[in-house]
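Number of protein chains: 2
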Amino acid sequence: MGKKARTAITSTRDDDFAQWYQQVIKAADMAENSPVRGCMIIKPYGFSLWENMQRVFDDMIKEHGVQNAYFPLLIPLSFISREADHVEGFAKECAVVTHHRLEEQDGELVPAGKLEEPYVIRPTSETIIGDAMARWIQSYRDLPLKLNQWCNVMRWEMRTRMFLRTSEFLWQEGHNAFENAEDAREDSLKMLEAYRVFAEDYLALPVFTGEKTEDERFPGADATYTIEAIMQDGKALQAGTSHDLGQNFAKSIGIKFQNREGDEEYAHTTSWGISTRLIGGMIMAHGDDDGMIMPPRVAPQQIIILPVVKNIDEGGEVIEFAKKLVGELKKQGLRAHVDMRDMRTPDKMWDSIKKGVPLRVEIGNRELENGEVTFVRRDIGRDSKETISSDAFVDRAHSLIYEIHNFMLERAKTFRDDNTSEGSSVDDIDEFFKSGNIGLIKVPTTLLDDESLEKVMKEYSLSTRCMPFKDEGQKVLIGKAY
Amino acid sequence: MGKKARTAITSTRDDDFAQWYQQVIKAADMAENSPVRGCMIIKPYGFSLWENMQRVFDDMIKEHGVQNAYFPLLIPLSFISREADHVEGFAKECAVVTHHRLEEQDGELVPAGKLEEPYVIRPTSETIIGDAMARWIQSYRDLPLKLNQWCNVMRWEMRTRMFLRTSEFLWQEGHNAFENAEDAREDSLKMLEAYRVFAEDYLALPVFTGEKTEDERFPGADATYTIEAIMQDGKALQAGTSHDLGQNFAKSIGIKFQNREGDEEYAHTTSWGISTRLIGGMIMAHGDDDGMIMPPRVAPQQIIILPVVKNIDEGGEVIEFAKKLVGELKKQGLRAHVDMRDMRTPDKMWDSIKKGVPLRVEIGNRELENGEVTFVRRDIGRDSKETISSDAFVDRAHSLIYEIHNFMLERAKTFRDDNTSEGSSVDDIDEFFKSGNIGLIKVPTTLLDDESLEKVMKEYSLSTRCMPFKDEGQKVLIGKAY
Chain A
1 MGKKARTAIT STRDDDFAQW YQQVIKAADM AENSPVRGCM IIKPYGFSLW
51 ENMQRVFDDM IKEHGVQNAY FPLLIPLSFI SREADHVEGF AKECAVVTHH
101 RLEEQDGELV PAGKLEEPYV IRPTSETIIG DAMARWIQSY RDLPLKLNQW
151 CNVMRWEMRT RMFLRTSEFL WQEGHNAFEN AEDAREDSLK MLEAYRVFAE
201 DYLALPVFTG EKTEDERFPG ADATYTIEAI MQDGKALQAG TSHDLGQNFA
251 KSIGIKFQNR EGDEEYAHTT SWGISTRLIG GMIMAHGDDD GMIMPPRVAP
301 QQIIILPVVK NIDEGGEVIE FAKKLVGELK KQGLRAHVDM RDMRTPDKMW
351 DSIKKGVPLR VEIGNRELEN GEVTFVRRDI GRDSKETISS DAFVDRAHSL
401 IYEIHNFMLE RAKTFRDDNT SEGSSVDDID EFFKSGNIGL IKVPTTLLDD
451 ESLEKVMKEY SLSTRCMPFK DEGQKVLIGK AY
Chain B
1001 MGKKARTAIT STRDDDFAQW YQQVIKAADM AENSPVRGCM IIKPYGFSLW
1051 ENMQRVFDDM IKEHGVQNAY FPLLIPLSFI SREADHVEGF AKECAVVTHH
1101 RLEEQDGELV PAGKLEEPYV IRPTSETIIG DAMARWIQSY RDLPLKLNQW
1151 CNVMRWEMRT RMFLRTSEFL WQEGHNAFEN AEDAREDSLK MLEAYRVFAE
1201 DYLALPVFTG EKTEDERFPG ADATYTIEAI MQDGKALQAG TSHDLGQNFA
1251 KSIGIKFQNR EGDEEYAHTT SWGISTRLIG GMIMAHGDDD GMIMPPRVAP
1301 QQIIILPVVK NIDEGGEVIE FAKKLVGELK KQGLRAHVDM RDMRTPDKMW
1351 DSIKKGVPLR VEIGNRELEN GEVTFVRRDI GRDSKETISS DAFVDRAHSL
1401 IYEIHNFMLE RAKTFRDDNT SEGSSVDDID EFFKSGNIGL IKVPTTLLDD
1451 ESLEKVMKEY SLSTRCMPFK DEGQKVLIGK AY
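Residue numbers (this note's numbering), protein chains in the order written: chain A, 1 to 482; chain B, 1001 to 1482.
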């Protein structure tokens, strides 16, 4: 029985990255496709990851003065059509509610009770939240107003892929309003910075920060800022965006206020969102040919303890030892767990590997006798195997989590840097992809006006990813993307 | 200027309870009606309450071994029609998605891209979660399986009222599966007990626990258990339900497993839910003619501190004193807040009253000089006013919260008991409501077979609320209800 059979992941990243991705999700029991076209079921293990992500990021935005609220799922057609670019961007792929009951006809259920005005299931909520802002904001004293909701949204995607692109997905959408253009711009950059911190410091996902080129902007925005991550197949993943909407939505929706001079003017708004797509990003940035590797700060389980006994019901002292250890780790605020399932130890071991639990601890009779534990880091694998006293392990657990996080972040950074090139001409881009390179290429933004660029972009299915802040708008990253 | 003008609540509970209810919600800034028919916007103050409720109850169900997950918003028509009673119960009021894009025709947006099979926005998820269970459950080893999701659901209600009955609402829906009928029944009772504990120990909402009569059962259930609260107008509010679904859904959906004897059989399932409706219940059980009274354990703010100064920007030492106090209270895990808004102190005071903040603390120059604070309990009002040293207040804060909770729970219990009568005949019921009594009347369940009952029930718009456990199925509570 080869390693592949044991892991249930028969594809490797090199062989077939797309297939490998699906298999990792299945082997880690994170999600599955549902009977509803393009919609997925997020299974408990995957959802627990999302809950941890939510908790961390929710605390971050509350520190920033953002308040959570909840707005209707349905958006009247008249609302969605208020902003011209916006409707253009979303009309082609939205779920439309047209009836409000079902009736039996010839033994079959059919829609009945036709609505006078149909509704769209929110693809995003600028228009409906903007409508509320127009009522709530009267004076500059009501500003800034910073609102967020954690919710489901729907875009009728034709080609879907779990976590990355599904018809329904979960996200947070923030919607802020300000007195002037400077405050709005500054805030949209601040929220992008929050995304960068979240991605790097919690998900171990290094990102480029920058502005989108005009053609990649959010429909209706003056500027879209983005964090872009790179996956192990060299494709970019847009991992979070923050939009400076200027006065576009305020004007079309009527978000007016009396300013400090007593004059009426339109507010300046922003919107910003991250979604369950980030989970896809973590899988593709961190996973290996054995399965998922969870970034430890948001991992559903940070430490799994395997009692190495013939029969879990007769484990006696080994089990007691394991439970005592878990208690001590939990006291330190760590998510630790004893695997008490009635399964063979090697199967449990492979299960924890496929699920990507950052630290696996094995306790058998020898460990029990010596008051020791044997542990293995998932990010490094068996080379990291160490046997130390259980007290020492408890003392070191937090710093191990810290080390794993840093190692994963650095490994991903190295991969990103190794796969980001620089070029200065359209030929350089052509040459780069023609030679079979994966990754991104950074070129001067002046090339965006070069007429020969389009052909090359089409040939290799490229898109501009962002104009990185650190290059001060002088350069643009180009590559394939999810 | 009379008190009413100051509070912005012009109706009293006695005058016009329904009007009072709407005004309390508005004055507390908890929610408002949206432009989407029957749907509300939950504003930050109301949503913060819901977040606190979620956190508490989520911890409770996780202790119980329940795992959170996420299932699709849309349900195929073929799914919803699988269980006959179920479709009967929900077909009349559901939002139907029939198209997947919008097209411009004669300058107007119209639905386009007709779906082959329409979808219903979930009114509840038994069928779609059951479908997943049918795939996930193979053997008795996979049982029990306990799943929950926090999500939005939709029922096309014709007459809506904020929090109590809206077309879209937020809830948790738990779906558990078991090996046998006993385990399922026991679990559905356990979840009901969790609801009772949550309602009484956190929301200060005393409830009757019992079983629903057959005609009030959840569509497709063998038994529905309920917690029923009483509002200050004497009407009952169904505050949470737990259903023993027997093998009904398992049979119609195909949730089969290999039992310990190696035979194939159908699982026994339960479902259980509470929603944002509970917020309506808290308003109507606790509020007074000055506005909301928040149960302190889930209150968005537990303690509000008002610096009594002419000008907040020049508050100097008073502000410092207030901020130091808030820091100490927060260290104790209390949700405390200094009201730094540029408003008159009396306006701030009335604002905190309308919002129902459990403890209001006032700090002025005299308090500053003496190192004291003056505080008022919202549940009792100005009679509870006390001035004590700020150190003593910090020491007492937790027990004050405890006392306020108990006082509110006892007050609501007294009201409930004062408004629950006993009767033994249909005439007793008739007499009770004819005399203009509000509240519930408890009668022997044998009356349910009395043919004259229906007329009386219709005349006063009564319904059976539950057969309380403590009367061992011998009695039934009858009353008006939301």
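To be clear, the hints were calculated from the coordinates, so they are not data collected in a lab.
Hints may be right or wrong, so weigh each one.
[To be verified] In silico lysine-lysine, BS3-like type, Cα no more than 25 angstroms apart, as pairs: (1) B:LYS1331 - B:LYS1310; (2) B:LYS1330 - A:LYS62; (3) A:LYS458 - A:LYS442; (4) A:LYS62 - B:LYS1470; (5) B:LYS1348 - A:LYS146; (6) B:LYS1114 - A:LYS114; (7) A:LYS442 - A:LYS470; (8) B:LYS1330 - A:LYS331; (9) B:LYS1458 - B:LYS1442; (10) A:LYS330 - B:LYS1480; (11) A:LYS330 - B:LYS1062; (12) A:LYS235 - A:LYS62; (13) A:LYS26 - B:LYS1146; (14) B:LYS1324 - B:LYS1235; (15) A:LYS114 - A:LYS146; (16) B:LYS1062 - A:LYS323; (17) B:LYS1413 - B:LYS1323; (18) B:LYS1235 - B:LYS1385; (19) B:LYS1331 - A:LYS331; (20) A:LYS348 - B:LYS1146; (21) B:LYS1323 - A:LYS62; (22) A:LYS235 - A:LYS114; (23) A:LYS330 - B:LYS1331; (24) A:LYS62 - B:LYS1385; (25) A:LYS310 - A:LYS331; (26) B:LYS1455 - A:LYS92; (27) A:LYS26 - B:LYS1062; (28) B:LYS1146 - A:LYS323; (29) B:LYS1480 - B:LYS1434; (30) A:LYS26 - B:LYS1114; (31) B:LYS1062 - B:LYS1026; (32) A:LYS331 - B:LYS1062; (33) A:LYS442 - A:LYS413; (34) B:LYS1114 - A:LYS146.
>> Check the structure against each numbered hint from earlier and tell me which ones fail, lowest number first.
In response: Failing hints, ascending: 1, 4, 10, 12, 14, 15, 17, 18, 22, 24, 25, 26, 30, 31, 34.
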